[in-house]
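Chemist: Spelled out, the chains give:
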Amino acid sequence: MSDTVTMEVLRYRPEEETEPTYESFEVPVQPEWMILDGLNHIKDQLDGSLSYRWACRMGVCGSCGMLVNGRPVLTCATYMESLLPGPIRVEPLRGFPVIRDLVGDITDFMGKLAAVKPYIVREEEKPVEEGEYLQTPEELAEYKQYSMCINCMLCYSACPIYRIEPDFIGPAAIALAQRYNLDSRDEGAQERMDVLSQHAGIWGCTLVGECSEVCPKDVDPAGAIQRYKVSATVDFFKSVLMPWRKE
Amino acid sequence: MDTRVHDVLLVGGGGAGLRAAIAVAETNPGLSVAVVSKVYPMRSHTVSAEGGAAAVVRDEDSLEAHAYDTISGGDWLCDQDAVEAFVREATREMVQLEHWGCPWSRQPDGRIATRPFGGMKIERTWYAADKTGFHMLHALFQTTLRYPPIKRYDEFFVTRLLVDDGRCQGVVALEVATGKVQALLAKAVILCSGGGGKVFPFTTNANIKTGDGMAMAYQSGAPLKDMEFVQYHPTGLPFTGILITEAARAEGGWLLNKDGYRYLQDYDLGTPSPTPVKRSMELGPRDRLSQAFVAESKAGRAIPTPYGDVVHLDVRHLGEAVIDKKIPFVRELCLKYQKLDPVKEMIPVRPVVHYMMGGVATDLDGATPVAGLFAAGEVACVSINGANRLGSNSLTELLVFGARAGRAAARFAGAQPDPSSALVAQAADEERRLHRDFLGRTDGTERVADIRSEMQQAMEAGAGIYRDEESIQVAATKVAALRQRFRRVALQDSSRTFNTELVSALELSNLLDLAEVILASAAARRESRGAHQRTDFPERDDEGFLAHTMARQGEDGRPRIEFDPVTITTWPPGERVYGR
Ligand SMILES: Cc1cc2nc3c(=O)[nH]c(=O)nc-3n(C[C@H](O)[C@H](O)[C@H](O)COP(=O)(O)OP(=O)(O)OC[C@H]3O[C@@H](n4cnc5c(N)ncnc54)[C@H](O)[C@@H]3O)c2cc1C
Ligand code: SF4
Ligand code: FES
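Read top to bottom, the protein sequences are chains R and G. Residues 383 to 629 in our numbering are what the first sequence lists, from first letter to last. Residues 4 to 583 in our numbering are what the second sequence lists, from first letter to last.
Treat the hints with care, as some may be off.
[Said to hold, decoys possible] These stretches of chain R come out as covered by chain G in the derived footprint (C-beta under 8 Å, 3 or more residues):
#1 443-451
#2 517-528
#3 562-568
[Claimed, not checked] Take a look, some chain G residues computed to stay more than 10 Å from chain R by CB distance:
#4 Arg109
#5 Pro111
#6 His320
Derived by calculation from the structure, the hints in this document are not laboratory data. For glycine and all other residues, C-beta sits at the position ideal for the given N, C-alpha and C.
Build the full structure now, drawing on both the sequences and the hints.
Modeler: Written out as structure tokens, the structure reads:
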């Protein structure tokens, strides 16, 4: 095993340069080190001006997603060792305007999450004093997988539609909509359906499943899109062929 | 200078901040509420909490039992009126969160499921598998999207509080993306900025847990209470410090020394039984378990590794099905970060800095002694955690006291005049300071990373699981020297755009304040209680120290320590008994 590896890191300082460049750093490799540890080594020891986001270093806060050798990954959950002998190229996630170095602008993504009304919608709310809504383990299992999303945006970075159709609401937001649609406590599926159907792109999704492949939490957003399409189609035919059943 | 005005400003978008924001919006929908957070809210460290959140639900349980466990677990340093309010309102808050969509794990009939937890005599820990904090935070964040009055300033770093005429009326914040400094004025400010585990080198805490709110409150004249109490969680993975949740032991995991022996039986924590017994052995309180580890390690019965001694956490006997159902995240973390499968192998663990019992002193409504300034969550000390927090009380604390502070701040703000215009001048001074001390400085020689790491090592050596007069003084001298060196810090990054080095420098400055306060408080408490163990004063001393330390910043910038009485309502100080 080599003792060091070259990390080629995308640099972009809008005050100084108009185009991104790559800068190479020689970084020691230790068996426990993740890509993020390599970046921290650069920042702490070699060049304090490198910018990137991270927080938990345990794969749950969703802030450290980047392209590593072209693949969207969580840098805190990807061993350096697995990419030897290198060089290891680190770039910001594809699909998000670069603010600085490895930091992308995620405003669009945050707006899309909010757009799907990701909260419990009910005609009538039960008073808290009356206790919890009952939900069996089986009912919980219906939506559980879609509730595991950490908003890391790797799926957006992998999505071929999002790249050409920025209005596409995208994999994680659809999975989030389904997370609530499938929750036995929720009655907002129709409202969310209206939101999703206004958004371009969903029918363009070819279900190749790049999103599910890169998802670090097995959320399977492609599966969510598939389920959504089926229910939306049923809904569409119901409204056209059986308008009396629309309610 | 860009200036915005709101009614109530939240510093922090973790569990406490988001709960408080909703409480403000519900108390008075006419108020404008803003959440300022240095990271997007769902990145806040509440996201990493695993095990669960405590609230009485089972028929055989009672509020008295929850209160007693909490108070004895806290070695009688908790304010009992705060604990009473806490246990009384806990269940309502947890049900509320259920109504907001939190995917709590369930019993077969659809009711909430509970699990045992360390130091709790009866099962009362609600959980969402072992990603409780993650699910709570996302449910809260998503629910805030229902409330249009809640505005957010994401990735804004608060650098100081604006206090005029004895009243807190806003903050100065740096917009990280642009480097713009803004005055955010408000009639009330609630600090929900979390803890500061990064004072120490080896911690379960995220990189962002740098005690900013504690330091800013302290600089503004608010006292920090009981800061000497730092919780070491007994089971962190070596090297990374990643937490292996207490739920692993609650479900039946064992702690074994190098001979495969359940050593806790030698530390007055009960006798081993094959299945978990509450308040006994592996389900003892965290302070006692971490202290037992140190003794085993000193006796040569731990297992040496390049990252220090470890013992083994063994869950193999639970079997794959239980592990996957009850503690799937433990398996995921071990596979990903320790390259081992807990279904087949034992997990190496060692004590790791986890939680600050101390914080900004508040009353039961989160109000601090500075008018207009409130605090809730890990940043605050109300105090329900005393000398040692019980696992699963903190997440519930965020909800109960986040909601209380939100309601109180909303009432306060409704009765206040608009913020004074004098504050904008203070904010302009702050902008100049950032430039003078950091961005524009060319003569610096010191690096942020070096000072930070030397401070962390000094704190571990001086104020770790065991301390004494000498170790504390050595660390204090070191921290004072680091404070001097920090004046000569040089940034390599002079950019205004997403300057994370500037943010780290500001965080380090806050950490140095915290380090100083922890050491001064630890020096003043000449007894051993809960997580504060003095080898030179090994006994608890209720005569002298059944009291809270209160640290205030003196004229010379150094902490002054005073003592405040503990509120005792029902439970007189007694012996802490576990496993007997
Ligand atoms: C690994 C781990 C597991 C845990 N498990 C459990 C458990 O099972 N049960 C339990 O009860 N407790 C647990 N805890 C403890 C509990 O999770 C925390 O105490 C709690 O989540 C803290 O929440 P908070 O809202 O106070 O702060 P945080 O969630 O830390 O949020 C702080 C917020 O303040 C913001 N902020 C901080 N400084 C600034 C600044 N200068 N400017 C702007 N914004 C700022 C941050 O951006 C963030 O939004 C665990 C802790 C850890 C570390
Ligand atoms: S669906 Fe998966 S890849 Fe996409 S944001 Fe969520 S966790 Fe990340
Ligand atoms: S740092 Fe939190 S997911 Fe990687």
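Chemist: If a hint holds in the structure, say so; if it does not, say that too.
Modeler: These are the hints, each one checked on the structure:
1. 443-451: holds (count 3)
2. 517-528: That given contact holds, which follows from 7 residues of the segment 517-528 of chain R lying within Cβ reach (below 8 Å) of chain G.
3. 562-568: Holds, because 4 residues of the segment 562-568 of chain R bring their Cβ atoms closer than 8 Å to Cβ atoms of chain G.
4. Arg109: Violated: least Cβ distance 5 Å, not greater than 10 Å.
5. Pro111: 6 Å, violated
6. His320: 24 Å, holds
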